[in-house]
Amino acid sequence: MERREEIRNKKRVVIKVGTTTITHSETGNIDLEKLEKFVRILINLRDKGKEVVVVSSGSVAVGKKVLGIEEKVQEGARKQACAAVGQGRLMMMYEKLFAEYSQLTAQILLTKETVVNEDCRENARIAFDELLRRDVVPIVNENDAISVDEELYGVFGDNDTMAANVATLVDADLLILMSDIDGLYTDDPRKNPHAKFVHTVHYINEELENMGKGAGSVHGTGGMATKIEAAKVAMKAGVDMVIANGANIYTINDIMAGRQIGTLFKGDGHNKIGGKAYEVYGADWIQE
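Heads up: the sequence shown begins at 1222 in the working numbering, then just goes up one per residue.
Just so you know, the hints here were simulated from the structure itself, not pulled from any lab data.
All of these numbers come straight from a predicted model, not from anything done at the bench.
A few of these clues could be false.
[To be verified] In silico lysine-lysine, PhoX-like type, Cα no more than 20 Å apart, as pairs:
#: 1; residue 1: 1487; residue 2: 1457
#: 2; residue 1: 1258; residue 2: 1269
#: 3; residue 1: 1231; residue 2: 1487
#: 4; residue 1: 1434; residue 2: 1412
#: 5; residue 1: 1487; residue 2: 1417
#: 6; residue 1: 1231; residue 2: 1269
#: 7; residue 1: 1457; residue 2: 1231
#: 8; residue 1: 1497; residue 2: 1457
#: 9; residue 1: 1269; residue 2: 1232
#: 10; residue 1: 1453; residue 2: 1487
#: 11; residue 1: 1232; residue 2: 1487
#: 12; residue 1: 1497; residue 2: 1487
#: 13; residue 1: 1255; residue 2: 1317
#: 14; residue 1: 1497; residue 2: 1417
Whole structure, please, built from the sequences with the hints as guidance.
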């Protein structure tokens, strides 16, 4: 099977992990073993000379547990409280794990204003560049507890879109979205046994967008439709993006090694018209 050799040479990488990737599905608690493996992978990438930025979900889930809230948290004050409590606890876990390898981290909380307002965007870019220059790993999340001028700027709504905006903000070479799905299918594979796996997307058209509406993620705040929206943002900025299943966190290593894992959205294809929009495997496809 053909490898994605260009991925191996990517230097600045943004990796987004969803709540379902770093929590136990049975209890909603943080999967500490998996989180530790994730940190080791990031350290190994750093040792190879890569620059990494992490976009991490999980603050609301952690906050729920700390506050003893069992039911699903909707928008509003309760969610804000969970996010505020959980963000500190989640960051503490990251800092502890990274500290075992003497790796410095920095917490960055963003709002939609950060990418919409030109001055805020430039200040954020300067901050990211300085942190990466000093070999610090930025850990990013949306500021769910407080959103400045929300009526004017709105909120990201999901970390997929935010991760794509972060990737464009830092001029990343690659964006990896780790989720609870293998990638993009031509239809929902749980309902349609004839659905085919899309391994490469050259440009996004209406057909691709309709696929996103049909095949989605079961858990978390972002389904496949939001990931396609994220791909639009990334591809427009020339950033390659890969959607892959985070059930095995070591999949990140496979992606960085150029193996055909997940769906690759080509960053150089956002202006293409005509030709193949995407490529699929047959019904008997097997990922490497």
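>> When the structure is checked against the list of hints, which entries are broken? Sort them ascending.
In response: Going through the list in order, the structure violates no hint and respects every one.
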